[in-house]
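Trainee: So you can see what is in the structure, the chains are spelled out below.
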Amino acid sequence: MTRITIGMLAAVFAVAAFAVAADKQAPRVAVPLVEIEQGGVCVAPTAEMRRDHMKMLLQQRDLTVHQGLREPRFSLKNCVNCHASQKTGSVLGKDGFCSGCHSYTSVSIDCFECHSALRQRRVAGADR
Amino acid sequence: MNTDRRQWLVLGAAVLTGAALAPGFRLIELVQARSPQEAASTLQRWGLLIDTTKCTDCDVCVTACHEENGVSSHGRLETDAQWIRKVSLHDKRTGYAQTLPVMCQHCTDPPCVDVCPTGASFKRADGIVLVDKHTCIGCRYCVLACPFGARSFIHEPVSDQKADVPRGKGTVESCTLCVHRVDRGQIPACVEACNRDGGEAMVFGDLNDGGSELRRRLNSEPSTQIRPDLALNTGVRYQGL
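Keeping their order, the protein sequence lines are chains A and B. Numbered according to this note's numbering, the first sequence spans residues 1 to 128. Numbered according to this note's numbering, the second sequence spans residues 129 to 369.
In short, the hints are calculated from the structure, not lab data. A portion of the hints provided could be inaccurate.
Subject to a maximum C-alpha distance of 27 Å in a straight line, what follows is the list of computed DSSO-like cross-link-like pairs (lysine-lysine) [to be verified]:
1) Lys55/A with Lys251/B
2) Lys220/B with Lys77/A
3) Lys55/A with Lys290/B
4) Lys87/A with Lys77/A
Residues from chain B that keep clear of chain A, each with C-beta distances beyond 12 Å, as calculated [said to hold, decoys possible]:
5) Tyr269
6) Leu346
7) Asn347
Label-pair restraints from in silico Cβ distances [to be verified]:
8) Asn347/B with Val34/A: 58 to 64 Å
9) Leu33/A with Asp242/B: 49 to 55 Å
10) Thr207/B with His66/A: 50 to 56 Å
11) Cys101/A with Glu349/B: 43 to 49 Å
For glycine and all other residues, C-beta sits at the position ideal for the given N, C-alpha and C.
With the rest of the complex left out, here is chain B (with noise of 0.2 Å):
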C-alpha cells in the first residue's frame, strides 16, 4: 500500500467516526436516561450519599418531595404518610448535635418485599424497591418489616394526586427514589432541591457506574449505612455519622 492511500484510509475513517459522534456528543448521556421502550436493567443500581455534615437544620428534601409527589399533611402526624423525615441525633455525652434525612433506604435484600404476601411490594431490576398498588392489600406487613420505618399507610382518602405519581387510601406507599423523575432521565426532587437551597449534601448516582460521582466518592472518602448489622446493603449511604 502506496503513503498516500494509507493517508487517505485514515483520513477518511477519521471524517466517519467524527461524524458518528459529532451530532450532540451526547454518547453518555444517551446511556443514562433510558428510551420510554427500554426496560430499567440490572446494569444500572440507582443509589444515595448523604453528607451529614454538610446537612444543614432545613427541611427543603421533605418539602420538595412532598410537592413532588403530591404526599399533603392532614395534620395528623400519627397517620400522615411520610415518604422522608428529617432525623436529629444528640450525643448527651458531648452534647454534639446533627440532623439527616431518612427514607427508603432501597435495599439489595429488602426485608419488605421478602414479608409481602401479594408480591406487591418488589425490587425493581435498577435497585428501586417499590409498592405495586393495583396488588397491595394494605395489610402492612412490610410497615412493620422495614427496619428503617420508611412506609406509610394511607389512612384517608386522597384527591389532587400527581399524574405522576398516583396514590389512594389503603394503600402503602414510600420513598420511590422518584422513580418517574429517573425514567426520563432525571434526579430525585431531594437531591435537586438540596443541591439548590440546601447544604448540597446530597449525590444521586448509578452505584454500578464506576465514573458517577457518586461510585467516586464512595470509593474515595468513608461512608456507612444505616444498620450496617442486618446487612441489607442500602443504596442509600450517609457520611459523618
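Bound conformation, chain A alone (with noise of 0.2 Å):
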C-alpha cells in the first residue's frame, strides 16, 4: 500500500515539474507583437476592449446602416485611424493590429473584405 502511494505521489509530482518546464519553453506559436502606435487613451478601458471590440463594432454597425447614427468614437473607420501601422497605414498585414492577435487566437473576421483596412485622412471632429 505505502509503495503503491509513494509511486503515485512520485507520479504526480513527475507530472507537475515536467508542466513547468513545459511553461517555461518558448510558446509553440509567437504571441503577437501589438504596438499601438497612436498611443494614448482608447474609448474604453483596454481590458474592456480586449473582451468586447467585437460587440462595441457590431452595435455600432446596426446602428449607423440602419438608423444613421455615426457616433464617431465607436466606428471602424476610427478604430483603425489610430490603430493603422505608421509603416504599412493598415491594421492588417503580419503585425497588423487587427489580423495580429486575429491570427493568433484563430478568429476568422471578414471586416476588412468589404470596409477599407487602411487608415484615412483625419476629418475635423472624426476622432475621439
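These two chains come separately, so use the hints to put the complex back together.
Mentor: The following block contains the structure:
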C-alpha cells in the first residue's frame, strides 16, 4: 500500500515538474507583437476593449447602417485611424493591429473584405 | 405698468432674442445637418428632381458617383456594377433624342425590400433605400424585382474601397443617394458634379420640406415618375420626359 502511494505521488510530481518545464519553453505560436502607434487613451479601458470590441462594433454597425447614427467614437473607421501601422498605414498584414491578434487566436474576421483597412486622412471631429 | 417699464421689458426681450439667434444665424442649417447622435427621421424624405431638358450629353454624374463611391470597372460591362447610368431615348417617328440619368428611384414602397428574404434590403426612415451588406446573402431577388434595373451584384473581389463606402464580393448594391454625405449635411456627388460641370439638371432636397427648392419646383412645375403605373411613389422625379 505504502509503495503504491509513494509511486502515485512520484508520478504526480513528475507530471507537475514536466508542466512547469513546459511553461518555461517558448510557446509554439509566437505571441503577437501589438504596437499601438498612436498611443493615448482608447474609447474604453484596455481590458474592456479586448473582451468586448466586437460587441461595440456590432452594435455600432447596425445603428449606423439602419438609423444613420454615425457616432465617430465607436466606428470602425476610428479604430483603423488610430491603430493602423505607421509603416503600412493598415491594420492588416503580419504585425497588423487586427490581423496580428486574430491570427494568433484563430479568429477569422471578414470586416476588411468590404471595409477599408487603411488609415484615412483625419477629418475634423472624427477622432475621439 | 408705466410706459418706461414696458419699454425696458420690450428692449430686454429684443436683446435676449438677438443674443439667442445672433451667433451664426444657423437655425435652418442646424435642422438640415443632423448630429451624429440623431437618427434618420421620417420628418424628412430625401429626393431628387432631374430636368431632362437641361441634361446634356455628358456623364459627369456617372463619373462623380463612381469616383465618390469607389465603383471601378473591370472592363466587363455585363457584370460591372452600375450605381447610375445614362439612358438615351430616341423617338423613331420624330427623331427627338434625349438623355437622362437613371439610378435607384428610392421608392416609398420598394419592391426590392418586399422580396428580400433576409431583411438586408431596407428603407431608412428618411426614405433612402439601402442594402445592409452584413445581412445580404447575394440571392439577387432584389435585382430581379427592381423595375428600374438599379441594383448590381458584385461578382468579383473588390479592393481599394472608400472608407465611407464598404463594398464586397457576393453582395448587391445600388445608389445610396450618397447617404454618407447626406448624413454630413452634404448633397449627393452626382448632383454636386452636375451643378458644377454639367447642365445643372439635378436638384436634391427634402420632399417633406415645403421651403426646399425641390418642393417648390415640384409644386409649381410639371414632373413625372418613371413607371408611375407601378404606384411605387418614387423619390426621384423627372421633368421633360
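Trainee: Against which earlier hints does the structure fall short, listed by number upward?
Mentor: Of the numbered hints given earlier, those the structure breaks are 2, 10 and 11, listed in rising order.
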